[in-house]
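K.L.:
What follows is the residue order along each chain.
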Amino acid sequence: MVRYLAVRTAQGLLIIFLVSLGTFSMMHLVPGDPVSLLLGEGGVPVTKEVIENIRRHWGLDRPWYIQFFTWFGNMLRGDMGQSMVRRGEPVGKMIWEAAWVTFRLNAFSTVLAVAISLPLGVLAAVRRYTWLDYFVMTGSTLGIAMPNFWLSLILIILFAHILGLLPPFGIDSWKGWVLPVIVLASDQTALFARMMRASTLEALSQDYVRTARAKGLSARRVIYNHVVRNALLPIVTLIGYRAAYILSGTIVVETIFAIPGLGQLFTLSVLYRDYQVIQAIVLVFGVLVVVANLLTDLTYAMVDPRIRLVGVGGD
Amino acid sequence: MEGKKEEVRWVQVAEGKWRRISRREFLKIAGVGVAAASLGPFIFTEKSVGATAPPRGGRLVVLVHHSVYSLSPHDRGYVIRTAVAQIHNALLEINHNLEVEPVLAKDFTISRDGLVWTFNLRQGVRFHDGVEFTSRDVKYTFEWHLDPKNASAWADIFSAIDRIETPNKYQVVIRFKYPDARFLRFGATYPIVPAHYHSQVGEDKYKTAPIGTGPFKLKEWRAAEYTLLEAFPQHFRGRPKVDEFMLRVVPEASVRALALQTGDAHSSFWNLHPLDNERFSRDPNFIVFRTVDLTLNQFSLNNKRPQLSDRRVRQAMMYAIDRERMVREIFRGQAVVATANISPTVKFYYEPNVKKYTYDPQRANQLLDEAGWTRGADGIREKAGQKLQFTTYVISGDQVRKPQAEFVQQALREVGIRMEIREAPWATIYERLLRGEIDSALFNWTHGGFDGEPDATDTLSCKGGTNFHQFCRTRVDQLLAAGARELDPERRRRYYSEIQKIVAEEVPMLYMTYWEWFQIFSRKVQGLPREALFGPRLYRLAWQWSLMR
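Taken in sequence, the protein lines are chains A and B. So for the first sequence, the numbering used here puts the first residue at 1; every next one is plus one. So for the second sequence, the numbering used here puts the first residue at 1; every next one is plus one.
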């Protein structure tokens with residue numbers, strides 16, 4: 001177990017290093033740097049000399065690999081550097097604030113999605129081809145098909161404008177969280193419910209279920225102990241896998257509801273070419289994905305005792 | 001050598017009210033436009049004249065579209081400046097009619113040779129920390145930009161300064177190496193920071209914790225979410241009527257519209273979708289200021305490319321594009337057709353008598369024929385084996401200008417020119433244009449006229465820092481140099497009017513339109529001016545506004 005963890009951690013670190021290097025070189029191989037953004041749409045004049053002086057001041061005139069190793073060196077010492085655009089604040093603080101918002105947004109919506117979708121998926125499978133099954137399946141098709149953008153606006157019009165119950169944007173109070181969490185949960189719920197239904201159906205057809213029924217277990221116990229437990233495996237994979245999509249998944253919702261999360265910070269930073277911030281976000285996500293994958297594998301072992309960690313040290 | 005005679009004087013006729021003694025003379029020196037003259041008596045504050053006193057208190061919420069990433073005067077962009085203008089004041093400020101208004105300066109004089117500017121400061125002005133504002137702060141603020149170590153983006157604006165003297169606490173004398181007319185609207189309007197504080201914390205820290213003399217002071221700052229300011233009771237022009245001023249970041253335009261409707265916000269600084277702009281303009285519950293932008297919407301053209309270097313080809317393109325229709329169909333009428341590089345909003349320097357390009361495809365074809373470009377088998381013109389084609393870049397994801405580019409693509413196709421459209425991020429387009437690596441790009445950029453200052457050295461001179469068009473004419477360079485050093489507005493006007501005529505003749509870029517601003521206010525906001533020439537500058541008046549309950 002310890003050896004397995006050590007190997008996986010080492011692999012993870014290598015992946016993170018390569019991802020950082022890749023992002024950094026890609027950002028720098030495309031012409032253009034953040035200085036162009038300091039100028040807005042023109043207006044107050046700036047000479048070439050002034051621009052060159054700013055570049056020198058920020059070390060942007062040095063070759064990209066030197067910039068990379070400077071950055072990486074600082075990183076190892078725990079210094080994420082400074083944003084080019086929001087210079088007064090350390091990148092670490094900016095990212096932490098934004099990440100905490102995005103984390104909560106995703107945690108709430110995933111919990112909500114799991115809480116709704118798992119029972120629905122199981123029910124739909126057990127009551128296959130009844131009105132309930134059709135309802136769940138139609139609902140989940142809608143949930144996946146409705147674009148988040150559109151759904152968000154419809155919900156704002158309904159709950160903020162017409163009913164006046166919730167604020168149209170912002171997360172000043174708990175009320176502000178309701179709509180974005182619902183929107184984010186909507187397609188996850190749909191996805192999980194479909195997945196749960198399918199895997200429950202598959203589990204139901206297994207021999208051990210027939211055996212369990214044959215030995216006289218109650219239907220409830222068969223479902224709980226044998227079916228659901230086995231059917232959960234793909235869902236766990238799916239949740240772990242989705243960690244990699246948190247960023248792209250929340251950009252739209254964060255933008256519409258004006259939530260200062262990581263998705264917004266990332267898009268803006270790419271737009272502004274704010275290297276330090278982009279690098280730091282990529283790093284944080286690299287770590288997140290590596291850890292999420294590791295946790296997924298560990299959870300497998302807990303849910304499914306057949307998967308043993310002892311034997312996989314050599315992978 | 002003190003200036004000979006005082007040529008400009010502003011006097012305070014009542015608290016917050018300013019009157020010019022000699023308008024004509026001031027116009028001469030400062031270049032304040034005809035606009036000012038047409039507005040009648042020159043009184044800046046709009047006092048409510050209702051029978052009851054205006055309500056006090058409340059929080060004024062203004063929506064912006066991107067994060068307020070800095071609160072320092074050093075940083076640019078309309079959103080930043082809107083926040084900065086609440087916290088700070090400048091010696092002179094540009095108001096919503098693009099006029100120069102003395103604020104921290106009581107009055108000022110410029111010597112006849114333009115080399116000595118003397119500012120008499122207001123007395124009894126305090127910074128938010130209680131320290132008195134004096135000439136030392138002015139000297140510090142301006143000199144900071146001159147130190148190369150500070151890598152200031154404003155270095156050029158202050159570069160003509162030889163030295164700054166402070167004979168006493170309330171007088172600043174700026175001596176110039178050479179006259180620089182741009183200093184009036186770009187330098188003297190730079191917000192003053194407190195010397196004792198800024199020098200101690202440094203610029204980076206200052207960006208997050210500014211202290212000024214402005215009507216509002218910083219209460220809470222969350223760059224990506226909101227910037228909350230509170231009334232500064234000791235503000236020299238009186239305490240603001242509202243208790244708090246909040247800039248709220250809402251990136252999505254339709255959500256900003258909804259927030260105005262629900263009453264969660266009182267104003268949207270940044271434009272909404274065109275349909276919403278129209279809707280609010282008709283809605284009696286809202287007041288909308290519709291004004292024309294200063295920034296030119298244009299296709300830059302690399303004038304050094306062989307197929308684009310012939311003036312006739314560039315003129316032909318202007319004739320081939322039906323810009324009236326473009327304004328109607330692409331911008332829903334929320335833009336005006338450009339006549340050259342300066343916006344009609346800059347009334348004093350705007351030159352209407354230039355070569356005009358009304359839609360005339362026949363004339364376009366004729367010009368292209370004259371230039372020796374004949375139609376090939378595929379309908380695209382060619383000359384000596386070269387096709388008349390070029391590539392234009394649009395900023396990735398630009399929903400507004402992409403259709404505009406397609407509109408032009410179609411129009412040029414009709415006269416036998418092939419324009420390919422590609423997308424790239426702005427930073428890349430910027431860099432490659434300046435290196436002369438790409439033919440053309442579609443974006444908005446000021447070509448003179450910002451804050452009413454007509455200088456366009458950056459974009460139109462051979463060595464300009466943002467000469468996207470690789471455009472170079474000796475005559476234009478001479479005019480730009482002369483204009484920058486000429487302090488008499490009447491004489492200055494002649495230079496810039498000739499520049500506009502040359503631009504219209506030479507077509508360095510395909511100048512398309514000037515977009516319109518829509519600053520939308522709820523009727524609950526009281527004390528707004530009746531008119532504005534330039535909407536984005538309205539918000540510096542926020543301290544005079546009150547909120548109806």
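It is possible that some hints are incorrect.
Unchecked claim - 30 Å max Cα-Cα, derived DSBU-like pairs, lysine-lysine: (1) A/K93 with B/K501; (2) A/K175 with B/K219; (3) B/K205 with B/K219; (4) A/K48 with B/K219.
What the hints assert, rightly or not - Chain A regions said to be covered by chain B (calculated; three or more residues, Cβ under 8 Å): (5) 21 to 35; (6) 132 to 139; (7) 155 to 167; (8) 276 to 290.
Hints listed in this document are in silico derivations from the structure and should not be mistaken for laboratory results. The beta-carbon is built from N, C-alpha and C at its ideal position, and this holds for glycine as well.
K.L.:
Determine for every hint whether it applies to the structure shown.
P.N.:
Tested hints:
| no. | hint | verdict |
| --- | --- | --- |
| 1 | A/K93 with B/K501 | 52 Å, violated |
| 2 | A/K175 with B/K219 | 24 Å, holds |
| 3 | B/K205 with B/K219 | 16 Å, holds |
| 4 | A/K48 with B/K219 | 37 Å, violated |
| 5 | 21 to 35 | holds (count 5) |
| 6 | 132 to 139 | violated (count 0) |
| 7 | 155 to 167 | holds (count 6) |
| 8 | 276 to 290 | violated (count 0) |
The structure does not agree with the numbered hints 1, 4, 6 and 8 stated previously, though it agrees with the rest.
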